[in-house]
Amino acid sequence: MTTLENRPNTALLVVDVQNGVVEGAHERDTVVANVGSLVEKARREQVPVVWVQHSDHHLVRGSDAWRIAPELKPGDAEPLVEKSYGDSFEDTTLETVLSGLGVGRLVVVGAETDACVRSTLHGAFTRGYDATLVGDAHTAGDKTAWGAPPPDQVIAHTNLYWAYQTAPGRTAGTVDTRDVDFGGAS
1 MTTLENRPNT ALLVVDVQNG VVEGAHERDT VVANVGSLVE KARREQVPVV
51 WVQHSDHHLV RGSDAWRIAP ELKPGDAEPL VEKSYGDSFE DTTLETVLSG
101 LGVGRLVVVG AETDACVRST LHGAFTRGYD ATLVGDAHTA GDKTAWGAPP
151 PDQVIAHTNL YWAYQTAPGR TAGTVDTRDV DFGGAS
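Be aware that the sequence shown starts at 1, since it is given in the UniProt record's numbering, and climbs by one per residue.
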């Protein structure tokens, strides 16, 4: 139902599941395992897996913190998009990669819920993509020291509001890992 013409395909978009991002994150091991199971499911179903990797002064390119979590192994043929902003589309090759794959629907997983995941969901949606968030495959670190709610509440709130996101000609929604269907809208 995407508003992007001639883009019938779905991709799994793995956002910033990097050592320095998920270290100490809420339910880190469970979330990374869920991401891993979705990567394997996408590969089995021949659904493109697109990886996004952030770099900045905290995640210096080439550093251990910058590397993808060791439980996850991007395939040699799977696109890896490097970014420097929250929204994975901003000043990156993501749109070109997705267009080349005929992708109009994204299934989104990763970190940080309240930063790059949320920015990327909104970025995708406003650009015409259908965007499904996998509710148990994204995470955030504890930012309560800066006045934010605890991470479990940030994640729950994001899952709730994305479940009801609407716009003309596009679909959104939140599903659990076990309910991901790469064949159609949520």
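By construction, these hints were calculated from the structure, which means they are not laboratory data.
By construction, the Cβ of each residue, glycine as well, lies at the ideal position given by its N, Cα and C atoms.
Misleading hints may appear alongside valid ones.
What the hints assert, rightly or not - Label pairs and their computed distance ranges (CB to CB):
(1) His58 to Glu27: 14 to 24 Å
(2) His57 to Thr92: 15 to 25 Å
(3) Leu160 to Asn9: 26 to 36 Å
(4) Thr166 to His58: 11 to 21 Å
(5) Ala156 to Ser37: 18 to 28 Å
(6) Ala65 to Thr93: 14 to 24 Å
(7) Leu80 to Asn9: 24 to 34 Å
(8) Ala65 to Glu27: 28 to 38 Å
(9) Glu45 to Thr93: 20 to 30 Å
(10) Ala163 to Lys41: 17 to 27 Å
(11) Trp146 to Arg44: 19 to 29 Å
(12) Gln153 to Ser99: 30 to 40 Å
(13) Arg44 to Ala145: 36 to 46 Å
Here is what the structure says about each hint:
{"no.": "1", "hint": "His58 to Glu27: 14 to 24 Å", "result": "holds, 22 Å"}
{"no.": "2", "hint": "His57 to Thr92: 15 to 25 Å", "result": "holds, 18 Å"}
{"no.": "3", "hint": "Leu160 to Asn9: 26 to 36 Å", "result": "holds, 28 Å"}
{"no.": "4", "hint": "Thr166 to His58: 11 to 21 Å", "result": "violated, 35 Å"}
{"no.": "5", "hint": "Ala156 to Ser37: 18 to 28 Å", "result": "holds, 21 Å"}
{"no.": "6", "hint": "Ala65 to Thr93: 14 to 24 Å", "result": "holds, 23 Å"}
{"no.": "7", "hint": "Leu80 to Asn9: 24 to 34 Å", "result": "violated, 18 Å"}
{"no.": "8", "hint": "Ala65 to Glu27: 28 to 38 Å", "result": "violated, 20 Å"}
{"no.": "9", "hint": "Glu45 to Thr93: 20 to 30 Å", "result": "holds, 24 Å"}
{"no.": "10", "hint": "Ala163 to Lys41: 17 to 27 Å", "result": "holds, 21 Å"}
{"no.": "11", "hint": "Trp146 to Arg44: 19 to 29 Å", "result": "violated, 41 Å"}
{"no.": "12", "hint": "Gln153 to Ser99: 30 to 40 Å", "result": "holds, 36 Å"}
{"no.": "13", "hint": "Arg44 to Ala145: 36 to 46 Å", "result": "holds, 42 Å"}
Going down the numbered hints, you'll see the structure goes against 4, 7, 8, 11, while the others check out.
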